[in-house]
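Colleague: Start from the sequences and build out the full structure, keeping to the hints where you can.
Protein chains in written order, with this note's numbering: chain A, 1260 to 1721; chain B, 37 to 379; chain C, 14 to 389.
It should be emphasised that the hints constitute simulated quantities derived from the structure, not laboratory data.
Cβ atoms here follow ideal geometry from the backbone N, Cα and C, with glycine treated the same way.
Hints may be right or wrong, so weigh each one.
Stated by the list, open to error - Derived list of chain C stretches under chain A, where covered just means 3 residues or more per stretch with a C-beta under 8 Å from a C-beta of chain A:
id, segment
1, 96-107
2, 292-299
Stated by the list, open to error - Here are the simulated lysine-lysine pairs, DSS-like style, with alpha carbons at most 25 Å apart:
id, chain 1, residue 1, chain 2, residue 2
3, A, K1440, A, K1283
4, A, K1303, C, K296
5, A, K1628, A, K1545
6, A, K1628, A, K1501
7, A, K1283, A, K1303
8, A, K1628, A, K1497
9, C, K296, A, K1283
10, A, K1603, A, K1619
11, C, K127, B, K155
Stated by the list, open to error - Selected chain A positions facing chain C (Cβ under 10 Å, derived; list incomplete):
id, residue
12, F1265
13, V1266
14, V1270
15, G1273
16, T1275
17, L1308
18, P1309
19, R1389
20, V1404
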Amino acid sequence: MSTQTFVLPDVGEGLTEAEIVTWKVAPGDAVQVNDVLVEIETAKSLVELPSPFTGTVSETLVEEGVTVAVGTPIVTIEAAPSSAPSAAAPVSGMHGSGAGESPSVTPEAGAEGGGAVLVGYGTGGAATSRRRKPAERPVTASVGVIAKPPIRKLARDLGVDLAAVTPSGEAGEVTREDVVKHASQASVFRNIETPDWPEVREETIAVAPAAASASPAPNGVASPFAQAAGRVESIPVKGVRKATSTAMVQSAYSAPHVSVWTDVDATRTMELVKRLKASPDFADVKISPLLIMARAVIWAVRRTPMVNAAWVDGDGGAQISVRHYVNLGIAAATPRGLLVPNIKDAQDLNMRELARALEKLTLTAREGKTTPADQQGGTITITNIGVFGMDAGTPIINPGESGIVAMGTIRQKPWVVDGEVRPRYVTTVSGSFDHRVIDGDGMSRFIADVASILEEPALLLD
Amino acid sequence: MTTVSTSTNQAAAATAATVSGPMPLGRALNAGMRQALATNDRVLLMGEDIGRLGGVFRVTEGLQAEFGEQRVLDTPLAESGIVGTAIGLALAGFRPVCEIQFDGFVFPAFDQITSQLAKMTNRLEGAVPMPVVIRIPYGGHIGAIEHHQESPEAYFTHTPGLRVVSPATAGDAYWMIQEAIASNDPVIFLEPKSAYWHKGEVDTTAPALPLHASRVVRRGTDVTLVGHGAMVGTLLQAAALAESEGTSCEVVDLRSLSPVDYGPILDSVRRTGRMVYAQEAPGFTSLGSEIAATVTERAFFSLEAPVLRVSAFDTPFPPAKLEGTYLPDADRILEAVDRALTY
Amino acid sequence: MTQPEEPELVRILAADGSLAPNPAAEPYLDLVNGLADSDLETLYRDMVVIRAIDRQATSLQRQGQLALWPPSLGQEAAQVGSARAARSQDHLFPSYREHVVTRIRGVDPIGIIKLMRGLSHGGWDPTDPANGNTHIYTLVLGAQTLHATGYGMGLVFDGRCGTGDLERDEAVIVYYGDGASSQGDVHEAMVFAASYRTPEVFFLQNNQWAISVPVATQSRTPLVRRGEGYGMPSIRIDGNDVLASYAVTRRALDEARSGEGPRAIEAMTYRIGAHTTSDDPTKYRTSEEEQSWAQRDPIARMRAFLENRGAPFTLFDEVDAEAAAAADDLRVRTNELGGLERDSMFAHVYTDPHPLMDEQRRWLAEYEASFEGGTR
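Modeller: Here's what the structure looks like:
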């Protein structure tokens, strides 16, 4: 036996309430299925309600003369469960106005509810939303701005806040040119968290322990200032920092460095990257512009092999060792410091394999697991300063190599295409070269070749 | 009267061989129905005056003589009766093709079409299909009296369970009527009566497109013009005039009003950035309004101008002397093109 | 209720159950005499069981298990007699109150429950042989008469009638009421039926009321005269006399199926209950009227008839028990009914694939999946 509750049904296709007129049973009475329990009065008629259960009446819950809403429990019966309707809610109320499976809220019951609503409409009663989270409201104040849909999209793609753009259109609308012009200026100032000036005026970093045999600084300057106790931080130079500084000095002060650079429209590279990312064949590897840059460098080396050479001092005089393989170094900023692991025989790798190798190299470096062997034997290096937002640089050549290419940031800038100023993905390709090994024409041609691949990756089909 | 031909396949072959060259749209419909009658003996035609007279537009001419009175029925004058008994025939396994004599007379059959035919298969939970075609000559430009020039397409496109199509050319008419008859769903087949006598090429070897496909009929770069039925011809006129003024218009024949094949339309709008929908029907809550809203939603970022609609005014179809003012013509379309270009 | 020049009606069983055929009934007596005791008991059983089921269904509505129930109380004889008169190869087109007609043909009453509970717009498959060629209910008044006539036209075109073989020739019977008889579709259905000589019987149950509107408002002439106007033989019967209902319908169907064209029958009966559970007859008719018809109850008269013939008392107890069991079985099965799959609404809108259905079904699935805790 279990206690079953009988709620007031909608007996007339959309009725919302009824008055309990006469109870035909009392608590303690035995009832069979379909015995009349109560007489009710609706807006349409006087109706008898038969019992859905066989059992004993427990309690009548509403007094005679009282009007209650459809769905209100009116009587409980101790019933044999087999006679009870299923747990699915009764059908009544389905045809009511939007009541669903719960009783519709009468105006008296739900009088509160915010928001100004015209008299007569009511507040609709309380409702809840099951949505996971409300839509993210775009943080732009561009609602009041007049602009055509393609311009709005352009602004969004370029990261331009339409409200900040001065409109020049005849109807007061923001035009394409307005947005493009704004975009090219916007990236000048970055929202960088610049730290306050430290309280201490100077900081001294000791370069080597007292007995270090590293070459002295050219001007022999030792730490000029005494350390003020407690206000200066001293970092001993060890490990990677030491190796890096050693290499940098060796390279910078043995190889005469010359840097050249050029700007190029890299839109097609960006499109290629997008397509590769979407391709099922490359679904499991990381694709980035660096991958294209790596292929570009390898290709350009074939055309200007001297950049892939090394100046070798020897007893019988210097020699230039031209390598006909590419161990491509990738300068990596790691938790340990600057490392330059290289991909061995990168010229033999196809696109997928190269992508894999780059991915592996990066992960290994990030985990701090790059081995000395990984860093030995490099023939040419790429340093990606673009990730830091830099366009170009004058990098220092990795010792044992003759050239280093700096990959700049790729961003949309105004560019002239078919005689029109259009936003395109523009980047700077720069590099430093050892002028003992290669002259201006060679290094320029090399940089130009790398740039030409970024401009037209199809040249790789050569 | 002749009996039904016993060698129906022979007749079909003979029929196909003789159909060629440019022919009026009405003739193409006739040829298409003949093919359907010859190849499937469950197909039957029914309507007022379609048998002995061959239809008031002669679209069914000769078919009763060829196939007999039990395949081509002259019915009593009762539109609800025509559609209601067609439903009963479909329940008995036939594929009825009803003719409603004029657009304005479809309304007595409205309950049987919308409450019964459109919902019967759904009500039966799929147990019995309703392969019923209702052919309706529609549209204006023939100077007729009241009720003979209506464009009631929106009532039917708004009814779930119905398919609605309208051929604009003889070639499409020949194949679309056959495809509609072959469809297992109810099809409202709207025939542009002002084009019944327009001639066009009919390729009887194979249909060019599926029934519910739209089609670009003129390439252009500046504005996309879309319409259905007789309006397609008017759009082409407008496009030719626009060309002479230096504006290149692309024209799309909708062909299927429900479901709509948005692919070619969206592709076009993404290239041109501007669209005009033209229709003979009054504009308020019309098919053109639905298409404009959907194109705006799906091609939003390509739109240089809002999607514009050119429609008849929201009045009852006026006395025929005013139909030239009432119905959209090339100038009304060009006015919208001009407006679209000012954005 | 009586008018001058009232057409004759066929009556075989008097209201008190005595066998008292009137002159109009003479041509049909051979059909009645051909009924075995078991056939007569079946007619009685059919009526008693459906009345119990009907009452239970009304209770279910009052218990909140159905949105609506249109009772067939009082019309059992008209429906049982005509349904039993139909042959197994015949096609039946009900309106929405012919519960016992569908049951006799094999339709499980749970199908009607599903319709009234919001689980279906149909409730059964007319092409399933188990359902005895019974079409689903039609809720638009009179619309089914055209569907039935169209079906009959199909039988004519396919040569499935008119051969003279009563066991093979098929016929159609369509049910409608006095209210529906005013609808244009009924008129058109009779026009087409006569024009194409369909093997069809138009069975009109004149239960005297169309919700609250009395039949006198529907027609200023006895409804049986309508059929004559269209050129079809028309008979009026005492619709509360199951034997008259059986015999007249049997003859009408056999004549129709044999190629003699459509027939019309007006069954004079009474809607004892309300139009539906939403209706309140106390607002428009008198209890005196209801009482007068209660004295012509179809079940009571058949019981009296069987008693007079010497049926064993146990028969009536058995039938009552069977009726109670059938009603309770329906109650239990109704309470066990589940819900509907949300996307079932897209399944049968079209027979052929349709892009909008696919699109909206997908959208609904994604929408529901986006909620906290997944779908409802």
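Colleague: For every hint, state whether the structure bears it out.
Modeller: Going through the hints against the structure:
| no. | hint | result |
| --- | --- | --- |
| 1 | 96-107 | violated (count 0) |
| 2 | 292-299 | holds (count 4) |
| 3 | K1440(A) / K1283(A) | violated (84 Å) |
| 4 | K1303(A) / K296(C) | holds (10 Å) |
| 5 | K1628(A) / K1545(A) | holds (20 Å) |
| 6 | K1628(A) / K1501(A) | holds (18 Å) |
| 7 | K1283(A) / K1303(A) | holds (21 Å) |
| 8 | K1628(A) / K1497(A) | holds (18 Å) |
| 9 | K296(C) / K1283(A) | holds (24 Å) |
| 10 | K1603(A) / K1619(A) | holds (12 Å) |
| 11 | K127(C) / K155(B) | holds (17 Å) |
| 12 | F1265 | holds (7 Å) |
| 13 | V1266 | holds (7 Å) |
| 14 | V1270 | holds (6 Å) |
| 15 | G1273 | holds (9 Å) |
| 16 | T1275 | violated (14 Å) |
| 17 | L1308 | holds (5 Å) |
| 18 | P1309 | holds (4 Å) |
| 19 | R1389 | holds (4 Å) |
| 20 | V1404 | violated (30 Å) |
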